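Number of protein chains: 2
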Amino acid sequence: MKKIAYLGPKGTFTEVAAKAVFPNDEFISFPSIPDCMDSVSIGDVDFAVVPIENAIEGSVNLTLDYLIHNQKLMINGEITVPIEQQLLVHENQLENWTKIEKVYSHPQAIAQSHQFLRSYLPNAEFEYTNSTGSAAQHVANHPDERIAAIGNSLAAEQYGLTIAQSEIHDYENNHTRFVILKKDNICLTEQSPLFNGDKTTLMVTLPADYPGALHHVLSAFAWRKLNLSKIESRPMKTGLGNYFFVIDVAMKMDEVLIPGVIAELEALKCQVTLLGSYPCFSLAKKNNEVKV
Amino acid sequence: MKKIAYLGPKGTFTEVAAKAVFPNDEFISFPSIPDCMDSVSIGDVDFAVVPIENAIEGSVNLTLDYLIHNQKLMINGEITVPIEQQLLVHENQLENWTKIEKVYSHPQAIAQSHQFLRSYLPNAEFEYTNSTGSAAQHVANHPDERIAAIGNSLAAEQYGLTIAQSEIHDYENNHTRFVILKKDNICLTEQSPLFNGDKTTLMVTLPADYPGALHHVLSAFAWRKLNLSKIESRPMKTGLGNYFFVIDVAMKMDEVLIPGVIAELEALKCQVTLLGSYPCFSLAKKNNEVKV
Chain A
1 MKKIAYLGPK GTFTEVAAKA VFPNDEFISF PSIPDCMDSV SIGDVDFAVV
51 PIENAIEGSV NLTLDYLIHN QKLMINGEIT VPIEQQLLVH ENQLENWTKI
101 EKVYSHPQAI AQSHQFLRSY LPNAEFEYTN STGSAAQHVA NHPDERIAAI
151 GNSLAAEQYG LTIAQSEIHD YENNHTRFVI LKKDNICLTE QSPLFNGDKT
201 TLMVTLPADY PGALHHVLSA FAWRKLNLSK IESRPMKTGL GNYFFVIDVA
251 MKMDEVLIPG VIAELEALKC QVTLLGSYPC FSLAKKNNEV KV
Chain B
1 MKKIAYLGPK GTFTEVAAKA VFPNDEFISF PSIPDCMDSV SIGDVDFAVV
51 PIENAIEGSV NLTLDYLIHN QKLMINGEIT VPIEQQLLVH ENQLENWTKI
101 EKVYSHPQAI AQSHQFLRSY LPNAEFEYTN STGSAAQHVA NHPDERIAAI
151 GNSLAAEQYG LTIAQSEIHD YENNHTRFVI LKKDNICLTE QSPLFNGDKT
201 TLMVTLPADY PGALHHVLSA FAWRKLNLSK IESRPMKTGL GNYFFVIDVA
251 MKMDEVLIPG VIAELEALKC QVTLLGSYPC FSLAKKNNEV KV
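Protein sequence lines correspond, in order, to chains A and B. First residue of the first sequence? That's 1 in the UniProt record's numbering, and the numbers climb one at a time after it. First residue of the second sequence? That's 1 in the UniProt record's numbering, and the numbers climb one at a time after it.
Worth flagging that the hints you see were computed from the coordinates, not collected in a lab. Remember, it's a predicted structure, so these values are computed and weren't measured experimentally. Cβ atoms here follow ideal geometry from the backbone N, Cα and C, with glycine treated the same way. Incorrect hints may have been included.
[As the list claims (entries may be wrong)] Calculated lysine to aspartate or glutamate pairs in the EDC-like style (CA-CA distance at most 16 Å, straight line):
1) LYS10(A) <-> GLU157(A)
2) LYS237(B) <-> GLU125(A)
3) LYS99(A) <-> ASP144(A)
4) LYS237(B) <-> GLU172(A)
5) LYS237(A) <-> ASP46(B)
6) LYS237(A) <-> GLU145(B)
7) LYS237(B) <-> ASP170(A)
8) LYS99(B) <-> GLU145(B)
9) LYS237(A) <-> ASP170(B)
10) LYS102(A) <-> GLU145(A)
11) LYS99(A) <-> GLU125(A)
12) LYS72(B) <-> ASP46(B)
13) LYS72(B) <-> GLU101(B)
14) LYS225(B) <-> ASP170(B)
15) LYS3(B) <-> ASP35(B)
[To be verified] Selected chain A positions facing chain B (in silico; Cβ < 10 Å):
16) PRO9
17) ASN54
18) PRO107
19) CYS187
20) LEU188
21) GLN191
22) PRO193
23) ALA213
24) GLU232
25) ARG234
Sequences and hints are given; from them, build the entire structure.
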């Protein structure tokens, strides 16, 4: 049985993601993304599962930055989970949910429910928490306060809360991608009904700030007809205007094309780091309701 | 006298930025970035000043996204401010600052002081606030609690707090870029000692998901030898994998080169929107101490 670190507490979307990939393993929740990544780095657990990108909010910068600047882990897999937000209250507050005075949740969950909150709870204050799970926990612990949490159905179940309003997220098609991290790049099996293709992720830093540098880099992929599923610029943390690029290629590492790209970029004096080549899994919308 | 909306409350870095560009105008603080942008959109104020990018944390997604998806405002100017974080306490707590139990601040300010917090306050909890200014205000209002705020020197002054530890940020060369927004694109004067060049910002959506699309887009800039100071992908909010690109060109809108790029991209079936052509200002490090 493998040990899996995930961004807790119980009832987070990360727990949903982790249990979809590792249905029969042991789960250990950690209070922050760096803590998850540190635990796999020092060998306390076998894998860490953390969010890396949301369809609405974009990249989870802390994950990308900690991966690049702090813990050199490899991406061993990806799992995509549909994000459906619910307004969770203690049953004591259910009747008067429109008089809720304060809403607790993770900043992204609050941002994802912006229109709902403006329309139905325009006078409610927000209080940011580290996770949707901890927001639900806080609400469960204060049954007589006029407060609510934003979180998923798993959190309602685990903390004994009631869904006052369901599916309060602004956008349909909201999903979050989670990555499965390990010190080395072993191959997770693709033999899963959730398997949805392969990816290879490269980090590229440009040689110098000259016009057309990124264009040169992309040429190496373009003439090989490689499909990039994402390109993201992140700060080098050395000053405004200094970036590196994280590039997702929609294929598994091979012996010709991707090594050719890497060699070509290195000849251009780029620094290239392989962050992983891995299978991607996807939890279909209805599967979210299945116990995983 | 012009009316300037800024992301408040008093003592935020946005207030420092706004007063550097508009030293003699009237300031109105708003509790959120969307509120600032709404107020200039409906004509209650002449300009809104909001953060758009931090050198460490990257783009302020809420600003970019609200600009693209909600309020169609133009960028009329940019001001860069050095970010120096201080650990602020009520003087009652000064002697025992190492026993602080909870640290209040904006998530980015907490992230920027990660190493300091881990080393000196490893057991302190974090509580996220909407701004560094409101964190300082909370600490000032609770003099007998073992709490601290992370914020700037202006906040210490305005809320009567004491700097327990100065310059606690992890990285040197940390700056934040703020944009000055208005409904139309008037030209702010470049006649300022803070003037530091011009920029033009374009939003580009790609015609379809085909290999090499972004490479084609960048070709239009590259063969004209235009220097891109930034390229950022942001989600379209229509699903994972759908992005638009915000591209900063390091020059003022002209009559030949940038219109040529736009025509070429439109011929490729890209959708191109001009977000503004504007002067950039920069507050030198030492000027941060000057009363602005």
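Structure-based check of each hint:
Distance check on the hinted pair: LYS10(A) and GLU157(A) sit about 10 Å apart at the alpha-carbon level, within 16 Å; holds. Restraint check: the Cα-Cα separation between LYS237(B) and GLU125(A) comes to about 25 Å, which exceeds 16 Å; the hinted pair is violated. Restraint check: the Cα-Cα separation between LYS99(A) and ASP144(A) comes to about 13 Å, which is no more than 16 Å; the hinted pair holds. Restraint check for LYS237(B) and GLU172(A): satisfied, since their Cα atoms lie roughly 9 Å apart, inside the 16 Å limit.
Of the supplied pair hints, the one linking LYS237(A) and ASP46(B) is violated, its CA atoms being roughly 34 Å apart against a limit of 16 Å. Proximity of LYS237(A) to GLU145(B) is assessed by CA-CA distance (about 34 Å); at most 16 Å being required, the pair is judged violated. With a C-alpha separation of about 10 Å, the suggested pairing of LYS237(B) with ASP170(A) holds against the 16 Å cut-off. As the CA atoms of LYS99(B) and GLU145(B) are separated by approximately 11 Å, the hinted pair is consistent with the 16 Å bound.
Distance check on the hinted pair: LYS237(A) and ASP170(B) sit about 10 Å apart at the alpha-carbon level, within 16 Å; holds. Of the pairs offered as hints, the one joining LYS102(A) and GLU145(A) holds, with about 9 Å between alpha carbons and a cut-off of 16 Å not exceeded. Note on LYS99(A) and GLU125(A): the hinted pairing holds, with a Cα-Cα distance of about 12 Å set against a maximum of 16 Å. Only pairs whose Cα atoms come within 16 Å are accepted, and LYS72(B) paired with ASP46(B) is accepted, the gap being roughly 15 Å.
Among the hinted pairs, LYS72(B) with GLU101(B) is inconsistent with the structure: their alpha-carbon atoms are about 43 Å apart, more than 16 Å. Restraint check for LYS225(B) and ASP170(B): not satisfied, since their Cα atoms lie roughly 36 Å apart, outside the 16 Å limit. Pair hint LYS3(B) plus ASP35(B) holds up; C-alpha atoms about 15 Å apart against a cutoff of 16 Å. For PRO9(A), the shortest C-beta to C-beta distance to chain B is roughly 14 Å, which exceeds 10 Å, and the interface hint is violated.
Here the hint on ASN54(A) is kept, as its CB sits about 8 Å from the closest CB of chain B, short of 10 Å. For PRO107(A), the shortest C-beta to C-beta distance to chain B is roughly 6 Å, which falls under 10 Å, so the interface hint holds. A least Cβ separation of about 23 Å between CYS187(A) and chain B goes past the 10 Å threshold, and the interface hint is therefore violated. With a least beta-carbon distance of about 20 Å to chain B, the hint placing LEU188(A) at the interface is violated under the 10 Å criterion.
With a cut of 10 Å, the hint placing GLN191(A) at the interface with chain B is violated, because the nearest CB-to-CB distance is about 23 Å. Restraint check, PRO193(A) versus chain B: the minimum CB separation of about 19 Å is more than 10 Å; hint violated. Annotation: interface hint on ALA213(A) holds; nearest CB of chain B at approximately 9 Å, less than 10 Å. Restraint check, GLU232(A) versus chain B: the minimum CB separation of about 6 Å is within 10 Å; hint holds.
Because the closest C-beta pair between ARG234(A) and chain B is about 6 Å apart, less than 10 Å, the hint holds.
Comparing the model with each earlier hint shows violations of hints 2, 5, 6, 13, 14, 16, 19, 20, 21 and 22; every other hint is respected.
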